[in-house]
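K.L.:
Take a look at the letters that make up each chain.
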Amino acid sequence: MIKVEGVSKRYPGHTAVDNISFEVEKGQVVGFLGPNGAGKTTTMRILTCFMPPSSGTASVGGFDVMDHPLEVKRRIGYLPETPPLYPEMEVAEYLTFVGKLKGMGGNSLRKRVDEVSEKCNVADVRNKLVSKLSKGYKQRVGLAQAIIHNPEVLILDEPTSGLDPKQILETRDLIKGLAGEHTIILSTHILPEVEQICERVVIISRGKVVATDSVENLTNRMRGSEVIGLTVEGQPESGLVQEKLERVAGVSRVILKLAQDSSCAFEIESLQGRNIRADLARAVVEAGWNLTELRPVSMSLEEVFLQLTASEVSV
Amino acid sequence: MNNIITIWQKEVKSYFVSPIAYALLTIYAVVSGFFSYVAVGYFLDRSIGAQAGRGGPMDVNEWVIRPVMMNVGVISLFLIPMITMRLFAEEKRSGTIELLITSPIRDYEIVLGKWLGALTMYACILSLTLVNLSVLFLFGSPDWRPVATSFLGMLLQGGCLLSIGCFISNTTKNQILAGAATFGVSLLMWTFDWFTGFKADAWAKVLAYLSLTSHFEPFSKGVIDSKDVIFYVSVIVLGLFLTTRSLESLRWRA
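From first to last, the protein sequence lines stand for chains G and U. Just so it is clear: in the first sequence, position 279 is 284 by this note's numbering, and no numbers are missing. Just so it is clear: in the second sequence, position 58 is 65 by this note's numbering, and no numbers are missing.
Derived by calculation from the structure, the hints in this document are not laboratory data. Possibly wrong hints are sitting among the right ones.
[Claimed, not checked] To be clear about the criterion: a stretch of chain U counts as covered by chain G if any three or more of its residues have a C-beta under 8 Å from a C-beta of chain G, and this derived list gives those stretches:
{"hint": "1", "region": "90 to 104"}
{"hint": "2", "region": "109 to 117"}
[Stated by the list, open to error] Straight-line alpha carbon distances no greater than 25 Å define the calculated PhoX-like cross-link-like pairs of lysine-lysine that follow:
{"hint": "3", "chain 1": "G", "residue 1": "Lys133", "chain 2": "U", "residue 2": "Lys20"}
{"hint": "4", "chain 1": "G", "residue 1": "Lys171", "chain 2": "G", "residue 2": "Lys181"}
{"hint": "5", "chain 1": "U", "residue 1": "Lys180", "chain 2": "G", "residue 2": "Lys140"}
{"hint": "6", "chain 1": "G", "residue 1": "Lys137", "chain 2": "U", "residue 2": "Lys180"}
{"hint": "7", "chain 1": "U", "residue 1": "Lys180", "chain 2": "G", "residue 2": "Lys143"}
{"hint": "8", "chain 1": "U", "residue 1": "Lys99", "chain 2": "G", "residue 2": "Lys140"}
For glycine and all other residues, C-beta sits at the position ideal for the given N, C-alpha and C.
Please work from the sequences and hints to get the whole structure.
P.N.:
If you want it as structure tokens, here you go:
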């Protein structure tokens, strides 16, 4: 559906996007992940024909962004980072205006405006001025605007930025609800969002793609061995505990995290593929100490992301 | 075509839901009303002299309507930058330009729609002068034809300045800057023919030709000269062409 091949965007003095390639299949939800200034917005702007690439080609639905911009634009719904709203318009009026811009009209447009207002939960404010809306509503109107012409591809630039937690959840649900019908690319620097919404993730840092994979694979790939957090009470001598823990079979490393009064916390790494939780618990209890905490420290996408982008920085 | 109408409607509406339209209409009504009053006052003063056997023939068209229409041009000079300054600068600042550019419409459709919207606003303002002039038709019988050609001339002249303002507004995010620059350029184009006052070389002639006022003169006398119409239309086309190109270049430079 979307094909990006060797796309670069250079400005005098710096390169915003450097030889990026990736593909998105029809119906997929792809997260575009990267720190601020990584080149996410630039890539999206190239895909939406807002700006041309300096080199490389990008196509949407088989149409090249340079050669057939109108065809590409017809197939894309785009929500920029700040929703492109006209404050002096009413919500329904605004959606009608955007629908007309996208080539709709008449009864079908009127029906579609009702439909998307319903879908994006803005039906209750349809006769309100856009300038009077709260940030969450504005974002949802922006989303409604992007899907008004039922585009095959949705490009959402940080759709949840600046919202409060409740609104973030609502917006995420909304996007998830759209997932079946549209191919979606969404950019974000919030990692749980990608874990929750997306099937695939493209991690981009300093204008380069550093990883492309399914969310699951990526987390698995980075998680070599299990890490377990463990807190023990009733033994002021942390060295003693550490020694004991190191002797448990399957433990590769024990790191003292915190030693306080009579409690101490450790992070314990297992050898590849060993489940050591039960053994650890038994060892602590047998020694007569209190085991107050035992939890898996899973490698979140966040750490994956930091590792990937950090290694990029060190190159 | 539909796209142009869509943009045009949106532009006209955005003038009239904001205070801009009403502020401009009010300012214009007051100033042009004053100018009309003064012109009529002079005319009455002269008519007293004429009764006493002094002065030339009395002609409402020549002594009231023509000066009023010339003054309308002067007021437009101030109002047009205020009409055009927001056209693109506002969309660029608020980011809505991204919506327009990523919609399946062509650049020239955006530009034409916006220009027509500004022209409509300008025409609404101009029509207030008709109210002032209608008083003359009520109590006298001036020739309506020079009035009609004057309005046509005013619209063409305004169209030129609006298309230039459109272009300037597209070169900046800052509305004030756009307005100030448009005012400067308009004023220069207005006064280019002053050169001919003390110079007669080729440059003076070229500049005088570029002057908006000298092309308006015939219109105010009831003459529609194709030479002037062509001048105005070509300035309008040039302004809109430059706007379209600069909208395109936005993408290359962005």
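K.L.:
Take the hints in turn and mark each one as holding or not.
P.N.:
Status of each hint after checking the structure:
Counting residues of the region 90 to 104 of chain U whose CB falls under 8 Å from any CB of chain G gives 4; the rule of at least 3 is met. Here the region 109 to 117 of chain U counts 5 residues with a CB under 8 Å from a CB of chain G, which clears the bar of 3, and the coverage holds. Distance hint between Lys133 of chain G and Lys20 of chain U is fulfilled; the C-alpha atoms sit about 16 Å from each other, no more than 25 Å. Taken as a hint, the Lys171 of chain G and Lys181 of chain G pair is honoured in the structure, with Cα atoms around 15 Å apart against an allowance of 25 Å.
Taken as a hint, the Lys180 of chain U and Lys140 of chain G pair is honoured in the structure, with Cα atoms around 24 Å apart against an allowance of 25 Å. For the hint linking Lys137 of chain G to Lys180 of chain U, the alpha-carbon distance of about 24 Å falls within 25 Å, and the restraint holds. Taking the CA atoms of Lys180 of chain U and Lys143 of chain G, the gap is near 23 Å; set against the 25 Å cutoff, the hint holds. A distance of roughly 20 Å separates the Cα atoms of Lys99 of chain U and Lys140 of chain G; the hinted pair therefore holds under the 25 Å criterion.
The structure meets every hint from the earlier list without exception.
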